[in-house]
Amino acid sequence: MALLLGVKRGNWREEEIHNDKVYLDARSKAISRDHSTCQECSWQADRYQEGHHKDDDHTNNNPANIITLCAWCHRCHHIGLAGVYELGYVGISTDRSKPLPPQAFLNQATRFYDWICAHQNAKPTYVQWAYNFEEYLTNCIGAAERVFGSSELNDVAEILSSMSNEEYSKRETLFADVRLVHRRMQDLNPAKAPESLELDRRKFWVSVMKQRLGSPT
Numbered sequence: 433m434a435l436l437l438g439v440k441r442g443n444w445r446e447e448e449i450h451n452d453k454v455y456l457d458a459r460s461k462a463i464s465r466d467h468s469t470c471q472e473c474s475w476q477a478d479r480y481q482e483g484h485h486k487d488d489d490h491t492n493n494n495p496a497n498i499i500t501l502c503a504w505c506h507r508c509h510h511i512g513l514a515g516v517y518e519l520g521y522v523g524i525s526t527d528r529s530k531p532l533p534p535q536a537f538l539n540q541a542t543r544f545y546d547w548i549c550a551h552q553n554a555k556p557t558y559v560q561w562a563y564n565f566e567e568y569l570t571n572c573i574g575a576a577e578r579v580f581g582s583s584e585l586n587d588v589a590e591i592l593s594s595m596s597n598e599e600y601s602k603r604e605t606l607f608a609d610v611r612l613v614h615r616r617m618q619d620l621n622p623a624k625a626p627e628s629l630e631l632d633r634r635k636f637w638v639s640v641m642k643q644r645l646g647s648p649t
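Numbering (my numbering), first residue to last: 433 to 649.
Among the hints, erroneous ones may be present.
[Said to hold, decoys possible] Between beta-carbon pairs, the in silico distance windows are:
# : residue 1 : residue 2 : range
1 : Glu566    : Ser460    : 30 to 40 Å
2 : Ser468    : Glu599    : 34 to 44 Å
3 : Lys624    : Glu599    : 25 to 35 Å
If you are wondering where the hints come from, they were derived from the structure by calculation, not from laboratory data.
Glycine included, C-beta positions come from ideal geometry on N, C-alpha and C.
Using the sequences provided together with the hints, build the complete structure.
Structure (structure tokens):
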């Protein structure tokens, strides 16, 4: 199944799981088993990988029920939190006949965009790609605003939360073409804790990409 936007339904608080030793142990085992590789976008790194409950039951901490996801792929399952922390927007294609690429691909493409933007002397071909990518996503956010009346993650999270279980199970059809668009790295405010963490994470990702790809110069 493609990576879909979702929310944690029912009573649950994020800080509870981070204090759950059983979960933390299971997450560690899952990440080791998966060789620190995101099972959606294939991003591999030794930091900032997370554990996702496949059945969405945060009390089922059997390591077999937990898979490794990068922070961005995991975020797609919890867009309410991403909305609270103002870490992204909703985007849809400007052309209904040409849906947006899969979410996992967009996540990796955004890392590539960050890698280019982090270097002032990138080759013109890279700079043009980054410009086109940013313009494309900006237009997709605008399309969501026109169609839904909002591009805020909180608003879509509220819709998902209010769905019946049957409706929510069909979101693969209802929300198949809706994507999470991450905020630009340069727009993050380091004075705000969630955005500071996001900034640190993305700087680390850029450093990993630089080790693997060199510089876009």
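Okay, which hints does this one fail, numbers in order? Failing hints: none at all.
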